[in-house]
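Chemist: The primary structure of each chain is shown beneath.
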Amino acid sequence: MKKLNLSKYASVLILLGLVIICAFLDDSFFTAQNLINVSRQISVVTILAFGETMLIIAGQLDLSVGTNAAMSGTFACIVYIATGSLFIALMTGIILGGIVGVVNGIAVTQFSAPPFIVTLAMQQITNGIIFLYTNGQNVYKIGDFRVFGQGSLGPIPIPVVIMLVIGIISFIILKKTKYGRYLYAIGGNEDAAVASGIKVKKVKMAAYIISGLLAGLGGVVLMSRLNAGLPASGTGLETDALMATIIGGTSFTGGIGTAPGTLIGSFVIGILNNIMNLVGIQSYLQYILKGTLIIIAVIFDIQSKQRKRVVRIVGDQEVTAQKKDKN
Amino acid sequence: MQPQYKIELRNITKDFSGVRALNNVSIKIRPGTVHTLVGENGAGKSTLMKVLNGIYKPDGGSIIIDGKETVIKNPIDAREQGIAMIFQELNYIPELSIEENIFMGKFPNGKMKGLVNWREVRQRTKELLKNEGLNYEPQTKIKNLSVSEIQMLEIIKAISFNASVVIMDEPTSAITTKEVELLFRKIEDMKKRGISVVYISHKMDEIFRISDDITVLRDGEVVGGGPASDYDDNSLIAQMVGREISNLYPKETVPIGETVLEVKDLCSEGMFEHIDMTVKAGEIVGISGLVGAGRTELARALSGADPITSGEVFLSGKKLKLGNIGTAMREGIIMLSEDRRKYGIVGCRDILDNATLSDNCVSKELFAGSKRQVEKAKELIKKLNVKTPGLSVKIENLSGGNQQKVVLAKWLMLDAKVLILDEPTRGIDVGAKYEIYKIIEDLAKLGCAIIMISSEIPELMGMTDRMYVMCKGRITGKLNREEFSQELTMKYAVGGTNK
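Line by line, the protein sequences give chains A and B. Okay, so the first sequence: first residue is 1 according to the working numbering, each after it adds one. Okay, so the second sequence: first residue is 1001 according to the working numbering, each after it adds one.
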């Protein structure tokens, strides 16, 4: 009999456990309305997290997605008020986000700057730009711009639809396309990727741009949900996106991770937030609990890898052992 | 009275989650001798040494040091009991100095506990270096030393711990011939002082040169052993692999075709200069030379990994634009790197991912993992005899030889016209070596033009049709198969020129 590899399904198990506990803790948890609420609440973070997942799989990182979303989203509101066109406003948000991605990508790939520092700096820059432009004032009266965050398609909210579409696209990119294979190879062993003929710089560049575009899109949905362009609303979103990615099983050292995993990771955080609110846990305490969870997830990830390493030393015999398991 | 054996291992058994890695292994090591462990990869040599070094606890059996039964709790304990291990991958901190690395973990206390008496550290390091005949400065950073210099340092570090047994795991895999001589002299010196050396190696000439005793392991059991004088190449290899390999090199006569690769006056500043060479279809051409002669650099330039300064390369008469791996790959020039871990495998991904990596870059299909790709990968894995239950096994769970075969499969997914093999059998056991030679021979039969780089001259003499010898970035000698000799090759390799 093949042994079930628990670590592979860790995030699914955590999610299931959490759902069961929550269903017992509060009656109103397991209602369609509440679950749709949770989905809507996690939509923005999840959209950002899909971009982050691709980057982390390639051994990269983008800390600027939160403030980039705030900047792009707020500008999209301003453009909507000026033009009255939903399409132009949406495109403005997405393209602005993409431009930030281009800058990140150029700094990392052309000048070999460390992603951590570049994107941390970009966090400051994007934050500064939108505060400078708006003078720190919120942008109100966004009218129909609300549709991206508050509209719905049948019973399903538009932001959830957007999240799922992006999720499916990310899944296909990572699972099926050559580009996805390149991301895994670069994160797993960049030297080998270069030697195999992969154009590593281009692939990384594209991943930063994707992350930027998704931050722009996320920003549009965010402001639309909040009913205003709030320049300060992006702070901390990158942390949530990173947490969703890591809890979803993406390895911080690169080379491993999936889009469905990230979606699950995002649900874990969303449900955790939801239940903590439902049972009335004080919001400051919520931060501590969330932080603890991510540390546990990372320790779990590392522990399961170390266990595998011990067995690997036996070499060929390990493979024979797996063979026996299968029979 | 001095006991007869320095260390005795009695019936050592070790299991890893149900897999028996060592089964009733008994070994006796005499003081002041070199005891060599041989066996294919996965035979249990490294596991055994890790038991001796306290990294693993044996599940059964006993360890007797100087006639007394003992338990080795961990590597620090092993060190205190006089056992030091010099790993294949050396343990050192590149940014720290020689003295800091030597005294790491046992700094003498200064005026207060927690402070270091640097004067004493310097003094003792100087003495140690002087006594061992090394003229390094104690403050030199480790990163400025060569692999062999660091190795020497590791050895004298072991001696400074009063080690009476030094374990060396393939110490010559990354150093030059000249440095090997230095190492062997040091080993002789250690023997004279009564230190026992446990030596692990795949290289036959080395084994017979320095060993006093040999123990052969296969599948976790001792299958033979005794004084080195009882063995020769063939009997040792036969015992290692458990079958007779009649001929080490499966060289056949292959019809030689048209010139495929022609290199004219190729230069790369600081790497190599004025390289002229040709390779024909079906031909295996060797490049010999010492480490640092520019062989790998030439291979990298031909495969587009490094830029060139001047010169021309023609493929079947067509001039090539070099400098890009992708372009070279599409034209059919492919290089297997000498460093499998660094440039070959993506460890955390499975066999299929690794095998199709380059094919993805070349194929025009929309998605990865097409039926054609999977079928072809399966076929190659079977043809190359990779020991695996399936394509979805992580490559890092395979042995070195099997990993190398998957990397080869990656390249054979493409239609190679010129195949450059840089040390294709480095760190691979005898059985897998033979299989890889056979694959190379098969490729030659298919009309591939093959360039084979190796530091082992017998390997080149066994497998190639012609040989170029490089020294200091230039070709200093050309040999046809009839002229092959170790002496001549060495003469060219150290700078002697063609008459």
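It is worth saying that the hints were derived from the structure and are not from the lab. We put the beta carbon where it would ideally sit given N, CA and C, even for glycine. Some hints could be false.
Derived contacts from chain B toward chain A, CB cut-off under 7 Å, selection only [as the list claims (entries may be wrong)]:
hint, residue
1, Y1249
2, G1323
3, M1329
4, G1332
5, K1342
6, C1348
7, L1357
8, N1360
Chemist: Compare the structure with each hint and give your call.
Modeler: Taking the hints in turn, this is what the structure says about them:
The beta carbon of B:Y1249 comes no nearer than 24 Å to any beta carbon in chain A, farther than 7 Å, and the hint placing it at the interface is violated. For B:G1323, the shortest C-beta to C-beta distance to chain A is roughly 13 Å, which exceeds 7 Å, and the interface hint is violated. This hint holds: B:M1329 has a C-beta 5 Å from the nearest C-beta of chain A, less than the 7 Å allowed. With a least beta-carbon distance of about 12 Å to chain A, the hint placing B:G1332 at the interface is violated under the 7 Å criterion.
At its closest, the beta carbon of B:K1342 sits 5 Å from a beta carbon of chain A; the interface hint therefore holds under the 7 Å criterion. For B:C1348, the suggested interface contact is upheld, since its CB lies about 4 Å from the closest CB of chain A, less than 7 Å. With its C-beta approaching chain A no nearer than about 4 Å, B:L1357 sits inside the 7 Å limit, and its interface hint holds. Interface restraint check for B:N1360: the shortest CB-CB distance to chain A comes to about 4 Å, inside 7 Å, so the restraint holds.
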